[in-house]
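*Asks:* Chain R is fixed; fit chains F and U onto it per the hints.
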Amino acid sequence: MSGGVPMSWYLILSAILFGLGVAGFIYRRNIITVFMSIELMLNAVNLTFITFSYSLKQVDGHIFSFFVMVVAAAEAAVGLAIILTVFKNRETLMIDEVSSMKY
Amino acid sequence: MTALIFFIFAGIAVFCGISLVAQTHPIASALSLIGVMGSLAILYLQLGGEFIAAAQVIVYAGAIMVLFVFVIMLLNAGAEGTSLNVSQFAKYAGIVLLAAFLGLISFIIQATLPKTESVVFGAWDGGTAADVGRKLFTSYLLPFEVTSVLILIALVGAVVLARKEI
Amino acid sequence: MNLWLIPILPFTGFLINGLFGRRMPKSLINVFAIGSVALAFIWVVKTLLGLGELETKYVEHVFTWIQSGPLQINVDFAVDRLTAVMLMVVTGVGTLIHIYAIGYMEHEDGYYRFFAYLNLFMFFMLILVLAQNYLLLFVGWEGVGLCSYLLIGYYFTEQYATNAGNKAFIVNRIGDFGFSLAMFLIFRQFGSLDFTKVFDSAKTMPTEATVGILTTICLLLLLGATGKSAQIPLYVWLPDAMAGPTPVSALIHAATMVTAGVYMTARSAALFTHAPIAMDTVAVIGLATAFFAATIGLAQTDIKKVFAYSTVSQLGYMFLGAGVGAFSAGIFHLMTHAFFKALLFLGAGAVIHGLHGEQDLRQMGGLFKHMRITALTLLCASFAIAGFPFTSGFFSKDAILVAAYERAPWMYWLGVLTAGMTAFYVFRAWFLAFTGKYRGHAHPHESPLVMTGPLMILALLSLGGGFINIPHWLEPMFPEKAENEMLAWLSAGVGIVGIAIAYLFYVVKPSLPESIANAFSGLYKLIYNKYFIDEVYDATVITPLLATSRTVLWKGVDAGVIDGTVNGVGKRSRGVGGILRLLQSGNIRSYAAWVVLGSVIVLLAIGFAGGRQ
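Protein chains in written order, with this note's numbering: chain R, 834 to 936; chain F, 72 to 237; chain U, 3 to 615.
Take these hints with a grain of salt, some might be off.
To be verified - Label pairs and their in silico Cβ distance ranges: (1) F:Gly193 x U:Asn589: 49 to 57 angstroms; (2) U:Ile581 x F:Glu216: 43 to 51 angstroms; (3) F:Val85 x U:Val602: 15 to 23 angstroms; (4) U:Asn589 x F:Glu216: 17 to 25 angstroms; (5) F:Thr183 x U:Asn589: 22 to 30 angstroms; (6) U:Asn589 x R:Asp893: 37 to 45 angstroms; (7) F:Met144 x R:Asp893: 33 to 41 angstroms.
Derived from the structure by calculation, the hints contain no laboratory data.
If you're wondering where the values come from, they're calculated on a predicted model, not measured in any experiment.
By construction, the Cβ of each residue, glycine as well, lies at the ideal position given by its N, Cα and C atoms.
Same shape as in the complex, but just chain R:
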């Protein structure tokens, strides 16, 4: 079981996933897909927390990660409710068409 993995690789993985999340956030047009990209970003951050928690040999990182998950859950619930409402009113899921706040 020897041959560990350098910790920095975990961080790199986290960075890659975060970047993918940002890309999805910017490039996708479907609201739900944008939301899921946000969730991906949150997951990447969670990985970073756990990694550093391992590195510092403290469990606080796990706690942070736990709270991130809780907040993600709440946010998902409310966000999806909003998406439902928007869909009911605008009949569309494309974020480009929800632009009535234009100057």
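*Replies:* Just chains F and U now, kept in the frame of chain R:
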């Protein structure tokens, strides 16, 4: 062994991530996200986070993503149409830029982190439920209570927003 | 001694008449107005009797006005011999004129307003005279200027009256500017504005080092005096000030306010005597003004304008006296001038009143049989101003001329020539008004006793006032000058010659003036139009100033720069806002892009600037 598992599941995570961003149908994206979460759970296990791994699967993949799938099916979201006039140049330039950005980050991390220690499965066992619970109910009691209020608010909000009259 | 009562009494008269006069009957207004001034006069007499010989100055500290670092200004009233003379003149002649005004202003609107302003004037003049430091004197100085403006513009519904009031005030302000600068320099040089401190320091100063600063101070004080006392170049307001009611002309523009400049110069004798250049300037300006104004007075047809130019001329004499070092002679002439000039104006007022407003000499004539008392009193005044032997004017004017001869003989000769002209034009006015045939259309009548009473008292003073030996009284303060019998009789003789010529021109051969005027028509026009000085000032000073104000300051600076800046700030804000709002595209994806951009910038900032402690 640790390295092998790492590479397999890291690869799955990245692959699912790309597929999340690249797929047109939301359901495919949702399923990809579930894949990412699963692989991450394995990685958490490797890092000694037993409780978090379980929570990830149960809460994140099991509840939140199910909610997502429900909403997608409820809204009957179809595949995205053609992209509106995003120039080909921007599309490919964006990918290249993204790759460059990630490469830069990786390089920085590699260069600046000193003698990183290796992650070996089982080297640290401080992430058990008991440890998390102990910390949660002593040092982080206040945030814990506050988040419960937060969830209450989210609950009320979701119910109100999703009603018929709004 | 309660010196403060002296100015406060007229001030209470002002307050009562000003606040409540509108609803009071005339008799009640008279009580307060005349009563306050008369009481002030009585209090002055009582105070002076109580103070006795006044070897030293009697100072009374009322309260401390300004106390700021090294600057301390007290409200101090002081009486010394000079002040005593001024107080008697101001309150005495003032009371007589107040009484006269009851009759003169009987039929005017705003009766209470007139007396309120007149009382206010007395208050300020008394402050000016009693002040023990330059700033308090300046308060009185400005105050009398204000009252002059108010009273000249008394008939405020007439454009020419308000214009005259404005002119008086504005021209005075130019002089006040000089006075203010002088005060700053005095404070800087001596560290105080108190008379005692300043004059004591001035007496002990070494002359070589400080003659420059003293000369500057004195020249600036002179500028102030030329404004207030109507000398060249700031005399132009006095003839126009005749637009005010005649009692005003008598009190303010003959007897008291215009003498403030002379008083101030005499008071500052300690400064002037140490600055010979300034003294000479004072003498030259005084003499030039005396001569210049007398020439203008030769041709005027409005009776009040004749006396106005005469006032300017006589004030020139007073300055001449001060400038050659005969300060006591100047003050003596101030006193006698107050008597006969006030009488001349009041008499002219009686004539005007009797003719229901006619002021043009060409419309008068033969009034002797209609207004005997007026005519006789005016005759006394005319003899006095002409310097007829043993009248008051004889003593005072000759004291000045003799002192002038000591300084420079040419000053004496020019002064004598001016005296001759003075006699001529005054008697010209008298003959035109009272002899010959009546040329007008009104029904002349004598004035009531309330007006002729003061005339008679002033006539007595004009004739006998010369025997009050003021130069001797002022000896401790201003050394007396030597007498010279021959010069005195010479100037008196020239005066009599002037009377004789006037008699020739206007009684014996009335056609003579006309033919001479036609013979020298250019010169006559020049004199008649007062040398076009007003027009010259208008073209050289006023029009460019107004034009600069309008184009540069108003349109350029105010509308352009200031408004432009303020409006420009608003416009820029709108502009920036207009650009910033383009961020709100309503497009969620662009918002997302901005978020990512911002976070990248923050990351880079943290990466490069710190974070790795």
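*Asks:* In this structure, is the beta-carbon distance linking Gly193 (chain F) and Asn589 (chain U) contained in 49 to 57 angstroms?
*Replies:* holds (50 angstroms)
*Asks:* Could you tell me whether the CB distance from Asn589 (chain U) to Asp893 (chain R) stays inside 37 to 45 angstroms?
*Replies:* Taking Cβ atoms as reference, Asn589 (chain U) and Asp893 (chain R) lie about 40 angstroms apart, which means the hint holds.
*Asks:* Could one say that the CB atoms of Val85 (chain F) and Val602 (chain U) fall in the range 15 to 23 angstroms?
*Replies:* holds (21 angstroms)
*Asks:* Is the distance from the Cβ of Met144 (chain F) to the Cβ of Asp893 (chain R) consistent with 33 to 41 angstroms?
*Replies:* With Cβ atoms ~39 angstroms apart, the hint holds.
*Asks:* For the pair Asn589 (chain U) and Glu216 (chain F), does the Cβ-Cβ distance stay inside 17 to 25 angstroms?
*Replies:* violated (40 angstroms)
*Asks:* Just to be sure I understand the hint, the distance between the Cβ atoms of Ile581 (chain U) and Glu216 (chain F) should be within 43 to 51 angstroms; is that true here?
*Replies:* With a Cβ separation near 46 angstroms, Ile581 (chain U) and Glu216 (chain F) satisfy 43 to 51 angstroms, so the hint holds.
*Asks:* Regarding Thr183 (chain F) and Asn589 (chain U), is the given constraint of 22 to 30 angstroms on their beta-carbon distance met?
*Replies:* Hint violated: Cβ distance 37 angstroms, outside 22 to 30 angstroms.
In summary, the numbered hints that this structure violates are 4, 5.
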